[in-house]
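Trainee: Here's the letter readout for the chains.
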Amino acid sequence: MVPCLPVLISTGLELILLLCLGALIFYVVLRGRQVKRIESSLIQKLAYFEAFFEGSDSSICILDRESRILKWNRHFANGIEAYSDVDIKKGMHVEDYLDSELFDQNTQWRENLEKALNGESHSTEIHLQRKDGSSIWFETRWIPVEIEGNNFAVAVVSTDITKRKEYEESLVLAERRFSAFIKNCTEAICCVDLVPPLPPGLSVDEQLDYIAEHSIIAEVNEAMVNTSKFSSIEEAIGQPLSEIIPPSDDKNIENYRKVVASNFRMRDFKTYEVDENGNVHIYLNNIIGDYEDGYLVRAWATGRDISDLEATMNKLRAAEAKYRSVVELANEAILITQEQKVQYCNPAALGLTGYSEEEIRNRSFIEFIHPNDRELVLNEYRQRISGEKTRNRYTIRILTKSGETKTVIVNSATAEWMAKPAILTLLSDISELMELQDQLTEQKEHLARMERITIFGHLTGAIAHELNQPLTGILSNAQAAELLHRTGKSTPEEVQQVIREIIEDTKRAGNIIRNLRDLYGEQKGASMPTDLNQVIEQTHVILKNEFINNHVCFLLEGEDDLPMVDGNPAQIQQVILNLIINAVDALRANKEDNRLIKISTISEASIIRVTVTDNGPGIDPNKLVNIFQPLSSWKSGGMGLGLAISDSIIDNHGGRMFASNMQEGGASVGFEIPILNNVE
Amino acid sequence: MMDVSPTIFIVDDDPSARSGLERLIKAAGYAAVSYSSASAFLEENLGNRHGCLLLDCNMPGISGPQLQEELFNLNCPIPIVFISAFGDVPTTANTMKKGAVDFLTKPVDSEDLMNAIQSALDTDLARFAMEREIESLQVLLDSLTKREYQVMTYVITGLLNKQIAWELEITEDTVKIHRHRVMKKLKLESVAELVRFCMKAGVKPAETRDTY
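Keeping their order, the protein sequence lines are chains A and B. Numbering (my numbering) for the first sequence: 25 to 704. Numbering (my numbering) for the second sequence: 82 to 293.
So here's chain B without its partners, still in its complex pose:
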């Protein structure tokens, strides 16, 4: 699956730390690229590159946590290992809550660093695997007609055919036909499977009239 080797992106304003970290990571056999500021990293417009981000907390201009926020907003969920010269608890907690893989304190031991990087790369791999799966599910979903998709969103809410028919103001038989086609196109056997599929694919259940 991993046809492109991962890169460790280092963003740190301090030249000493940046240089040392880059050398260590390269020595450990990873590809590493370092940037002196968050904006320089953003300018590269890396898209969905494999790898992880080794991010310093305190930097002039855009700080580490701000970059994390920015990447989230850009829908670029690259795993981040924070590395701070002096991490306070609130900052640490905040970044971890927002999905940081780890929060390391400078000076960092190579073993801890490598563990964190490995963990981040694993996350990255899982992320890519997930993305691929979602992509394939999406292909299947794309084969559904608009009406079939609509019926499916009602099915996963747990409504009976009769109820779906009432909701969509169609006959129960029509619902049955659509439902059958959905199961066939998505290659699924049971409603439970359909529900799981939809969760993975990010399909949201329909909003039903709350007259029940």
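Only chain A is shown next, with the shape it has when bound in the complex:
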């Protein structure tokens, strides 16, 4: 068609037609090229798209109107895997992979889908929970995509924003905490904005003037408000700083100056303020300025009322000083030990041991203890360390530097030393006390002997009487024999009888002397198994005449087969003598035909009880209370020591004395001593 065209062209019309034809041809050719270009560009774009689609960091899926999955990328697949066990397939509903109820509730999937299908591109934030329980936030864009004519699909592009969300949340939390902190802080906190910011290069005075004019309270807490004239935080915010800290006060001006001079950076400086009640408050303050490009934008100030703390600290210091001086001046030796090592000792401890502080420090305390007592102390120590109950006080011997042995009472307690558990030990030197104790024991012994001699004196008549009877027999018999012999009247029978009687009487006298020797002589606590019934009978022998003289009827009710006691027979006899003599004295108030003394022995579980009862007038109830105290004699005459000495004798035997008045009249006084086997 084209070659015939120029023939036809002869005129302008032909030219026009030719041109049109040329243009047409050109167009067609051009158009063909263009299509090709478009096509290749499209292919390239598609490739780009595919690459973008697969390579995107976002999870992308394209859904049709029925929410069926048309296309998805790797991320989406991975994402789905995290929620579901079902393999992803084209044409399946998204809901099929997910717990529809939870999913829908969280995402309002349908609504968002509909919105996009209506041509509205929008984005939402979706919060999902993975199978493993972790949560994830997505920013999801719902983009309408036109497909096949008027049909729309939706591209759902989700980007993981979990991290961002977390940051946001923690920021909110931090802000909340921060404001809560400021609000609740017991320290007064105040933030002052400088509007406009304080320019650099001003002199101190200029800065002060500037601050006075341009500082506005931006943030303040309850604690700060409480120290100011404002009644609430709201009231204070926006007010000039001078309302809280007026620069009219000399002290405040001085503080302002200090702050300015420090370039708004001061730590722990104290200010003193007087409150409306006239009490002085001490504040510990901090100030930090915020600079931007050399301009002071704002300044934070905190203040803490440390008046109470200061007062407490002062008291504590005073108390510490006091305790220190107590410890330093104490008469008792005070040691603090850790892990058996001496950490601290007071001067008294040095005085006691004779060592210097250097010699004691860090040495094991065991070294200072008498070798025989070390095991004891170590046991106590171990028990104390392991928290077992231990004795509060016990007595040990220690060795001084000079090798002297001293007896001390140990008093230990757990304590703290340099923030570590330690043992606080108090030692009281009782060496002198022990010496005194010995002396006292000796004097008691002496007194007991004196009392025995007194009793002996008291009994001289009775004893002489007792002894003179056999002597009378001996002398009379001997003189009779001599007389018979001289006159030649003696018969062998008579002589034999005389000799027999003399022998018996001599033995009898000897026994009496033996009975008395214990009482009269000096004896020191020799203990032996002792039969109390026998002791009482021996006592009775000595006292027989005392009873006769005083018309006293004596009754002994001794238990048969009485167990032995561990005791000193002479001392026990002294006690019994004492009790009986007291009873005899008491009975003088009775008529001669009504004087009865009964002494009984009874064994109980672990003791033997000896009771002397009389039917006399009894003991004055007022004196019954301290009857065993020295010099509390309840009878006229006498040293008043008898019962006190008796009490100490029985006490030494591990027993006790008792005294009471009987209902039917008369007194009942006696003692209990442990039976031999039960003596611990």
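Because the hints were derived from the structure by calculation, they are not lab data. Being a predicted model, the structure only gives us computed values, none of them experimental. Certain hints may be false.
[What the hints assert, rightly or not] Mimicking DSS-like on lysine-lysine, the simulated pairs with C-alpha atoms at most 30 Å apart in a straight line are:
| hint | chain 1 | residue 1 | chain 2 | residue 2 |
| --- | --- | --- | --- | --- |
| 1 | B | Lys268 | B | Lys285 |
| 2 | B | Lys268 | A | Lys615 |
| 3 | B | Lys179 | A | Lys615 |
| 4 | A | Lys513 | B | Lys107 |
| 5 | A | Lys294 | A | Lys207 |
| 6 | A | Lys568 | B | Lys179 |
Following the hints, position chain B against chain A.
Mentor: What follows is chain B alone, placed relative to chain A:
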């Protein structure tokens, strides 16, 4: 006079002393009987036996001094030698005041004992002699009439016949007659003798009206 030999009564609760003393006293040739208590001695109801009492002080039941008291009350003045194993001064003094012959302390030497016993027996003898004399005087006194006895009690007060007559509201002559008979019956010569007689016999002088 002593037709019955004296006995030494030993009262002592102590068997040794009792036995020894009894043997010694017997060896010295006396008759001796011993008792272990005062009540045992009292039970024997010895009446007026010759001899003396060797008495222990301290005894259960009745003591030595109590027995002394008891015997005095029983009007049995047997001489007592106390013998004590331990004599205190008050007891000694008391017993001696009440007529004890001696107070010995055990053990006692035979010589002291024998001296004391002898002395007690002498006292006993004198006591019996006195008793006998009083008995004979009593016989004489018993021969007096009631009125004669009455007059005699006035005479020994030293009253004159006239005064006695006034006291008894009788005549002076009657007094003289009674007085004469008294002197005759009692075989006495003088008023002085009469006074001595009465003292010995234990006659108490009359109580006169004190209007003089």
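Trainee: Would you pick out the hints that fail for this structure and give their numbers low to high?
Mentor: 2
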